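Those protein sequence lines, which keep their order, are chains A and B.
Per this note's numbering, residue 1 is the first one in the first sequence, and the count goes up by one each step.
Per this note's numbering, residue 114 is the first one in the second sequence, and the count goes up by one each step.
Keep in mind that the hints were calculated from the coordinates and are not lab data.
A hint or two may mislead.
Said to hold, decoys possible - Result set (DSSO-like, lysine-lysine): computed pairs, CA atoms no more than 30 angstroms apart in a straight line:
id, chain 1, residue 1, chain 2, residue 2
1, B, Lys215, A, Lys41
2, A, Lys20, B, Lys155
3, A, Lys55, B, Lys182
4, B, Lys227, A, Lys64
5, B, Lys215, B, Lys182
6, B, Lys215, A, Lys20
Predicted model, so just to flag it, every value in this text is computed and none were measured.
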Amino acid sequence: GAVVSQHPSWVICKSGTSVKIECRSLDFQATTMFWYRQFPKQSLMLMATSNEGSKATYEQGVEKDKFLINHASLTLSTLTVTSAHPEDSSFYICSARVPSGYTFGSGTRLTVV
Amino acid sequence: AQSVTQLDSHVSVSEGTPVLLRCNYSSSYSPSLFWYVQHPNKGLQLLLKYTSAATLVKGINGFEAEFKKSETSFHLTKPSAHMSDAAEYFCVVSGPWTNAGKSTFGDGTTLTVKP
């Protein structure tokens with residue numbers, strides 16, 4: 001139980017385009033979803049916290065206009081990287097709180113060329 | 114405020130020998146502590162968690178960890194390493210469940226298992 005499905009698992013896009021990453025909670029309702037970014041061989045850095053039906057809370061230094069988060073339902077949260085540039089290339093992971101702790105999506109490898 | 118320090122960025126062991134991955138934490142609250150494992154280009158899998166119950170926590174795949182409040186430590190151990198244990202391990206601390214629930218990740222420890 002408590003599975004978060006994240007799509008796509010990998011994506012390559014051109015500079016200047018936008019990319020949407022989806023995280024769906026399959027068998028539970030996720031009122032809160034966390035979005036992380038992970039650079040190669042580094043730890044996970046929290047980008048933002050999304051709450052169903054309200055605006056996301058962004059961590060210091062994260063551009064909210066560049067990383068748009070929508071959490072319109074209890075089972076879906078999306079992260080859109082707008083006007084992507086090569087420096088946005090990274091591994092993005094979502095996470096939801098569940099009784100046992102946190103459950104993570106499988107991650108999205110974004111490469112901007 | 115909370116923080117977590119993984120004391121070793123890399124640990125290398127031989128197959129069949131014990132594994133010790135060290136983690137120290139600080140927290141203004143009674144913390145919840147977790148160990149996660151990440152294989153290359155994969156998401157994170159929960160190994161075990163401590164949430165103020167038994168201080169010795171048993172997890173999956175033979176891993177266990179002991180919460181020591183006096184030492185502010187939560188070290189991960191396994192009696193006998195397997196080749197499949199080679200991965201990145203993260204120690205994570207989070208605040209009370211009724212709060213924002215933000216997690217703070219350690220920098221990770223890369224475990225290498227030699228045949």
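For which of the previously enumerated hints does the structure constitute a violation, in increasing order of number? Numbers 3 and 4 - these are the hints that the structure violates, sorted from lowest upward.
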